[in-house]
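Given the structure of chain A, go ahead and fit chain B onto it with the hints provided.
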Amino acid sequence: MVTFKNVFKSFGEIKALSDVSFEIKKGEFVFLTGPSGSGKTTLLKLILREYLPDSGEILLEGNSITDLKNSQVPVLRQKIGTVFQDLKILPERTVKENIEVALAVVGLSEDQWKARLDDILKWVNLDNRAGLFPAQLSGGELQRVSIARALVVNPQLILADEPTGNLDWETSIGIMDLLLKINKEGKTVIMATHNQMIIGKYDKRIIHLEKGKLVEKKSEDKKMKTRVEEV
Amino acid sequence: MSGISFKTATSYIKRSPFQALSAVFVLSLTFFVGTIMALLVYSSSQVINYFETRPQVIAFLKSDSTPEVISALQNKLATDSRVKKVKYVSKEEALSIYKKATSDNPLLSELVSPSIFPASLEFSVNNLEFATTVIEEVKKEPIVSEIGYTASLGGEKSLQDVVTRLKTATFYLRMGGGVFVGILGLTSFLILMVIIGMRVSARKGEIEILELIGATKSFIRSPIVLEAFIYSLVGVFIGWLLAFIFFLYLTPSILSYFGEIPVLPKEPVNIFILLAIVLGVELLAGCILALSGSMMALSRARQVK
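Chains A and B supply the protein sequences, listed in that same order.
If you read the first sequence in the working numbering, its first letter stands for residue 475, the second for the next number, and so on.
If you read the second sequence in the working numbering, its first letter stands for residue 2, the second for the next number, and so on.
So that you can see chain A by itself, here it is in the shape it has in the complex (with noise of 0.2 Å):
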């Protein structure tokens, strides 16, 4: 689904990334994780292509994104669901408009709206929510609403930026269990976060990246489950 082939990139004289190389195939669910500043929002940018590597070369289902024409890359991005870190949802519209403007994006004819917006809002649990604006929504409410408008459009690949942070643990757990459940629906997830506690719960593969360099890659890392268990 995803793949890194030897990437660079740097911001002036800081390298946020340095030969990085993986794979994730579809279907999987995937932590991107390591300290603030190491690199993965850049990583997930880079799959967004809101930014392009110095060298090396990302491919998207088999098909390079780094030679895309600037006219194809909302197409691209279209086909990724994303969960923003600052979550990045419009202030003076509304949860369902928020949603809508998602559908609108991607062309879908407004009659076949409503079917999509009633279950999606079902599904993040927030079809009681849908009249209200941001600046009355909790932060978790919030959360999901970017869940929302990411999933709407069902995408093959989300990325989300540290969906649970800033949020309390149960509400963390709510999250987690929303993206563990579209990752059942054989949807890719690739999620960036540095909470250890909720990479230690879950049983998912880890890419760890440390002051932008891969360091460690696995699909079991006992030892970091046992570490976030002793913590």
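What the hints contain is simulated information worked out from the structure, not anything from laboratory work.
Computed from a predicted structure; not experimentally measured.
Warning: the hint list may mix true and false statements.
As the list claims (entries may be wrong) - Derived pair list, reagent style DSSO-like, types lysine-lysine, alpha-carbon separation capped at 30 Å:
no.	chain 1	residue 1	chain 2	residue 2
1	B	K8	A	K596
2	A	K570	B	K15
3	B	K15	A	K553
4	B	K218	A	K570
5	A	K479	A	K489
6	A	K588	B	K141
Positioned in the frame of chain A, the structure of chain B alone reads:
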């Protein structure tokens, strides 16, 4: 996409009604003046055309002229490219014209007979610049006794002076009106650009989010361009409607003041057709204004970004 774009555009307008009002007000004023100017230009053209197409020159013929030589001169004038609308007026026709002109005083017409009116050849010139030369040439014709002009209005020596004065006045009217409409048009364009520019700045965050979730350029731009179109088209319609009401109110006075000079179409249907043409042209101008203003504001915002 057009449905959501329209919904978004109207929601922007509702959120900042005073910006919308100022845009519509300036555009309405521009198109109101534009409509009035268009009608003035039409009417002034009609007045000039009226005077230009009247028989400007009358060549009075000697009473002993035979039909053959008259016909020869008529044909000669008709084939002259500088001359148009050559008409032979017989003595009898001249009398009937005289009688018609003096119908309010029958005594005057009873005292005259056809023999005192000379037959004549009436004609116009295509361009008044040719008038002097043509007149001089016609004067030399042996059957021509005298040359006259159809009007001597306002103390002018000849019709040419009248038309020259009219043309000068019309030129200044068109120039002045054009400059005024141009200034108003430019003001409208700038106001539209500023408002759309403000809208783009205010929406920067939203535009960024839309780009990240895969919105195309046209998806992002269309509500903004549509908003400019709404302002512009509403402005055109209000401006035109006000001018239309104003025009309908003044039409009877205009028609009675100018009398037989057709400053406006005589048939009401033709007046509506004229106004519909003006509306059509203004709608086109409004679209160009909206499109250029919004695209310029968008490209400027992109450069700033």
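Are there hints from earlier that the structure breaks, and if so, what are their numbers?
3, 6
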